[in-house]
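Colleague: Sequence:
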Amino acid sequence: MPVVIVDALSGNHFGVELGPFQVARFQHASGLEFSVDVAEVDRAERLVLRGSGEVTLSHPLDVGPAFLKWVTTTAERRDLKIPDVGVAVTTLDKHWGVVRRFELANPWASQWHGPAQPGAGEAAIESVTIVYHTIFVE
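Everything in the sequence shown is counted per our numbering, starting at 1 for the first residue and increasing by one.
Worth flagging that the hints you see were computed from the coordinates, not collected in a lab.
Backbone N, C-alpha and C fix where the C-beta goes; we use that ideal spot for every residue, glycine too.
You may find that some hints are simply not true.
Estimated spans, in silico, between C-beta atoms of each pair [stated by the list, open to error]:
# : residue 1 : residue 2 : range
1 : G19       : V99       : 18 to 24 Å
2 : R43       : A124      : 35 to 41 Å
3 : A124      : V41       : 35 to 41 Å
Please model the entire structure based on the sequences and the hints provided.
Modeller: As structure tokens, this is what we get:
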């Protein structure tokens, strides 16, 4: 029987971490649902799901300049060797605490969209799709 990992994602918010820092928060995420027949657990007791996939984040609450730079750099220069700073998507509770962490291996932004006419203080990203090769679930 396959192991199904599905969070009750409605009502949650989502964070993005670059290294140890949270650099963005979004209201919606898709692609964080998994069904696996065989699961692997690594030394840190994280569930390892091999195989590429993608997660799309949309409706930003806040987007920091470090995340915007990472998105534009990886989307434009996919061949560029960017130091692995560690990228994770987290589900957040109503008090902004981390509920679950999805660490992405070899991630890059495959596409992103900005607002038609960004206003002062408005996030420069409306949605971003991040492709990865392996995901570690904590």
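Colleague: Evaluate each hint against the coordinates.
Modeller: Structure-based check of each hint:
Checking the proposed 18 to 24 Å range against G19 and V99 shows it holds: the Cβ atoms sit about 20 Å from each other. In this structure the supplied range 35 to 41 Å holds for R43 paired with A124, their Cβ-Cβ distance being about 38 Å. Checked against the given bound of 35 to 41 Å, the beta carbons of A124 and V41, roughly 38 Å apart, stay inside it.
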